[in-house]
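Let the hints inform the model, and build the full structure from the sequences given.
To get my numbering, take the position in the sequence shown, counting from 1, and add 767.
Treat the hints as calculated values from the structure; they're not laboratory data.
On a predicted model such as this, the values are computed, not experimentally measured, just so you know.
One or more of the hints may lead you astray.
Quick list of in silico lysine-lysine cross-link-like pairs, DSS-like style, CA-CA up to 27 Å [said to hold, decoys possible]: (1) 801 <-> 899; (2) 833 <-> 899; (3) 769 <-> 833.
Ranges between beta-carbon positions, derived for each pair [claimed, not checked]: (4) 838 <-> 810: 33 to 39 Å; (5) 799 <-> 891: 23 to 29 Å; (6) 804 <-> 835: 44 to 50 Å; (7) 841 <-> 789: 29 to 35 Å; (8) 885 <-> 780: 33 to 39 Å; (9) 884 <-> 836: 14 to 20 Å; (10) 907 <-> 834: 30 to 36 Å; (11) 791 <-> 907: 37 to 43 Å.
Each residue gets a CB set at the ideal place from its N, CA and C atoms; glycine is no exception.
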Amino acid sequence: MKTLYETRATARAGRQGQVSTDDGLLDVALAYPKAMGGSGLATNPEQLFAAGYAACFSNAVLHVAKIGKVAITEAPVCAVVGIGANDAGGFALTVALEVNLDLPQAEAEALVRHAHQVCPYSNATRNNIDVKLSVNGAALN
Numbered sequence: 768m769k770t771l772y773e774t775r776a777t778a779r780a781g782r783q784g785q786v787s788t789d790d791g792l793l794d795v796a797l798a799y800p801k802a803m804g805g806s807g808l809a810t811n812p813e814q815l816f817a818a819g820y821a822a823c824f825s826n827a828v829l830h831v832a833k834i835g836k837v838a839i840t841e842a843p844v845c846a847v848v849g850i851g852a853n854d855a856g857g858f859a860l861t862v863a864l865e866v867n868l869d870l871p872q873a874e875a876e877a878l879v880r881h882a883h884q885v886c887p888y889s890n891a892t893r894n895n896i897d898v899k900l901s902v903n904g905a906a907l908n
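Written out as C-alpha cells, the structure reads:
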C-alpha cells in the first residue's frame, strides 16, 4: 500500500491524561466516562473513535455516490461506539453506524453496503469489531 497520509498522536497518561497530535491541531484532555467510574468531564477514546469513524464513513458514502453518479451532497452518519468486557478478560468495542440518506431505500442501502467495503475504518475493523449498519432507520443484514 502506498501511504497517502499519516499522522502521529501521543497519549500521556492513558484515559486520565492528555492526547495530542504532532501538528498541535488536536490537543484534548481525557477522562473516564461516568459510566466507567470516571468524572466524565473530558472526552474519552470511544468518543474520539466514534467521531473519526462517523466522519470517515460519511465520506465513504459520498465517495461511492460520486463514483456512481448519485446526486447527494450530505451523508449524515451517527457512530455509536460501546465498550465492554470480552470473554478473554480484556475489553472489546461494538459499533453501530446509523446512516440517513435522502434517497429511495434500496438505493440508499446499496450505497451504504458499498461504502462499508471502501471505508478504511470499516476495513480496519472488519472481523475484529461487531459493526452493525442501518439506513434511514432500517437495519442492514
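Going down the list of hints, with the structure as the test:
1. 801 <-> 899: Holds, at about 25 Å.
2. 833 <-> 899: 24 Å, holds
3. 769 <-> 833: Status holds; Cα separation ~23 Å.
4. 838 <-> 810: 33 to 39 Å: 35 Å, holds
5. 799 <-> 891: 23 to 29 Å: The hinted range 23 to 29 Å holds for residue 799 and residue 891, with Cβ atoms some 25 Å apart.
6. 804 <-> 835: 44 to 50 Å: 46 Å, holds
7. 841 <-> 789: 29 to 35 Å: Given about 31 Å between the Cβ atoms, the range holds.
8. 885 <-> 780: 33 to 39 Å: 36 Å, holds
9. 884 <-> 836: 14 to 20 Å: 18 Å, holds
10. 907 <-> 834: 30 to 36 Å: 20 Å, violated
11. 791 <-> 907: 37 to 43 Å: Once the Cβ atoms are compared, 39 Å apart, the range 37 to 43 Å for residue 907 and residue 791 holds.
Going down the numbered hints, you'll see the structure goes against just number 10.
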